[in-house]
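Undergrad: Position chain B relative to chain A; hints supplied.
This is what each chain is made of:
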Amino acid sequence: MTAITAPARADPPATGVPRVPGRLIGMLPLVAFCLVALTLSMMVGSRAVAPGELLQFLLHPDPDEPVSQVVWQSRVPRTVLILLAGAALGVAGGLMQAVTRNPLADPGILGVTAGASLAVVVGLAFFGVTDISSYMWWSFAGALITSVLVFAIGNSGAVRSSPVRMTLSGVALGAVLSGFSSAVLLSNSDILARMRGWSAGTTASQPLEATLAIAPFIAAGLLIALCSTRSLDVLSLGEASAVAMGAHPQRLRLVALLAIALLAGGATATAGPIGFIGLMAPHLARMIVGPHQGWIMTYSILLAPTVLGLADVLGRVIVAGEVPVGVVTAFIGAPVLIYMVRRSRVTEA
Amino acid sequence: MTAERTSTGPASPRPQPTVDFGRRMYRIGPRDRPMLLLDARSVRVCAVLWAATILLAFYAITSGSAQITVSEALTALFGRGDDYTTMVVAEWRAPRVLMAILLGTCLAASGSIFQNLTGNPLGSPDIIGFQTGSFTGALIVMLVLGGGSAATMAGALTGGLVTALLVFVLSIRRGAVRGVRLIIVGIGVSAMLGSANVWIQLTATVEDAIMAGLWGAGNLSGVTWPTFLLVLTVSAAFLAAATLLARPMKLTRIGVPFATALGQKVRAVQVAAVVIGVGLTALATATVGPISFIALAAPQIARRLVHTDGLALGPTAAVGSLLLLLADVTAQRIHPDSPLPVGIVTVCIGGLYFLWLLMREGRTR
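Protein sequences appear in the order of chains A and B.
Just add 1293 to wherever you are in the first sequence, counting from 1, and you've got our numbering.
Just add 2 to wherever you are in the second sequence, counting from 1, and you've got our numbering.
So here's chain B without its partners, still in its complex pose:
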């Protein structure tokens, strides 16, 4: 891997038609036909973020009500620790930490896709309200039909997908979905579903309502290995598809006429983006309940860190993982006796961030 500043190329030994990216790139492969080009700043930012995430993960695994040293944790993870340490580390803490990282990635990628699709930094799935639909599905299963956790997951998944479908059908006009209309229709649909949720919770007993409310606040506790592996398998497929979609979406972002003129099937790209974006959010919501503001904030933070416009999936995923893990670690430690649901922490952090974002954008414009 060699680093080169392609923009300053007068000292090049052979005069060759190199592409000027206007910024530092890392290249793998020969100069005239590179296999992979990576933005240098993006690579560095990702490395720092993932390093921070791993450090935080170790902190999350070792600290808590049972203090465990790093070496103890590592031996337990490799299956050679004593029973108690193995249980705490490998059965309780490790799946939770990994789930936070994975779902952070999923939510951030979904947010990035939707913000690009709607062309609006506020057009993220938590504002549009797909998560409200997932909560409706879960509530119906939990409180009306009385299903278990697997049935609740299925209900949440169905609810999220049906809501997304409804929002899209309602926002199509003359065969086109416009970002802003999509957002406002989403707000309307989620207002309806939100009040339906309130009503379903009202018909239940206070205990059931608290249980459902805790689910509805987004909770990472009680994550097990089988759940994690299931989510990992499904999300890997979606995330791979999202990576493949990054290039065509960049083109669409420049402009639909432009992309069409270059021979891109814009409609197909948009439909694929919607399916993947909704799938990622619905998956995360079905697993741990609605966690808002990761999808909203992560792409914007990543954009500012990497100084790119548009879809920077890698850094976005890294920011999302770090944010969700940080929120979960915070949520567990604010009140050690009664840990808060992580969703409440993300709402608080996200809310402050969001106000800052709006104020700042207002000033610079």
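Bound conformation, chain A alone:
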């Protein structure tokens, strides 16, 4: 790997050198957008918080002040969760798209979040798991098993499978797994009452401690993803070329599976199954930076929380109650999917 990439970096590529600072500078507006989305998420809600108040109570928490309580008990946990779950889902989607070379891949569409949430529901219903620090392991395991299954089905053919076939397998697998989940939930009204908000995909249900408990795992997943981007670039040339260039596609897939399980499992354990963020963020990133996995992942880390945050804010203001963010992302993301299918050549094969 390094033997090949090192001279490539030493060469002055015709377009590469001037573009790299461009991409770095291009991140600045994204950072700004992300901050705006996160700030909005702190301010907007059933009790609107003015910017001045927000700044004051963020810097000087005052437990006696109701607004401070709103900020610290509701808005800050939500916003941290948006940041973490968004980045996790965005990068998980980018990883899945890169490893499967399937532009329609997304943890939600391919059933990985459904697998993770089934595992959580089973853990809650039959194994007396109650605490997030224990049911996150169920979520990781569920995400891992489901992604292994989807990958296995997608790659089981002698010829590399088409994106559509893999998407269909994932969707059907997801349908089966959510069928199991609803069977468990329907036969157990206590769990249904507790988990039905979560099962729609929401940022509102977790305390800050739960989110922070999952943070190291998501960080590990992000790190693994960012470290494997160079190999993913090589893999994008095709399996045979990648092997010829010294990459190890199987090892790479295993590493990616681990990262996807950590990221999608972690996001699902905290926020429930949220779809389409992993589809939209990497595509947006690719539109901006082009086919370069390292930059796609980096930009996705910024773009995904932005999209998730805006969707969450939209869900809070659109009706009197609150629409769970998973519903909003589906309503934003499904048209994107349909647009992609209508426009692209994915389905022409």
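Note that these hints are calculated values from the structure, not bench results.
In this text the structure is predicted, and so the values were computed from the model without any measurement.
A few of these clues could be false.
[To be verified] Derived, one-sided and incomplete: chain B residues facing chain A with beta-carbon distance under 8 angstroms:
no. : residue
1   : Met-37
2   : Ala-193
3   : Val-200
[As the list claims (entries may be wrong)] Computed, partial: chain A to chain B, Cβ under 10 angstroms:
no. : residue
4   : Leu-1397
5   : Arg-1458
6   : Ala-1476
Idealized CB from N, CA, C, for every residue including glycine.
TA: Positioned in the frame of chain A, the structure of chain B alone reads:
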């Protein structure tokens, strides 16, 4: 009816231009102008499947929390049994069993039509998500408008039809609907509707959500004779139309240019197929809630049993009926105290079958 192997015809008494089907056929009518030609294997498979279905139906009618002998059941069905047996057999169990058989046929036929139309074994109405749209319609009626069961049926029917229309309009590009695009658009639309369903259920109380969830899982309990007769009438029309459509669809399956060259109105056939396929699924979903995987699995199982490619409506319908009845009998007997909705059993069976199908296709390819 005579059996003949048309492929081995040197010993034929008169040299006659017989069509070589390449497989055993049953013929009704004269040799040179047969009225009806039936595939021998298909006929045998159908006979075995229907026999199994009838046996299972008798088992379903006689066993359960109240044990009834076959002779008692038969006398009750002919209206000469005692009150209790008549009520259990004729009012509770018989309509449920018949409904399972009928809807199994409907769902399987619909699946067969869609799999042919999309040219993809996964392009069945439950994957494309028309049933999600039906559930949305039913939920809106049940939880938002507060309607009764007849209104719920109407809502489910409307929801399914509107969803189908939306999916088709969205997947038309340059005036043509391509199978794969249809499927992915369907997935997108059903993802949206599915999360809308979750949200509608969230706004309701837990009790209402469980009630709606049970409907949404697909439930055959509480079927009455008037409902059955209504569904029978409507589905008979659709199934007859599907039978008429089988031949033109076979031609379309060979290839659209080929069918066009032979003078077939391909577009008309496709539109008719969509209307009938959607109608059958929407009817079944409106009656008992979304039951998935019958439409997906039945045509594929039938294809493998009969060794034909494409639309084998008869065997498909037989497989569908047997599957749904089997699933319902299983669902009632897993937990006799709290019977499961049949849809959950079909999801479990169907899911396992589906994984096997994908793995197997992957290996053989």
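Undergrad: Looking back at the hints listed earlier, which ones does the structure fail to meet?
TA: 1
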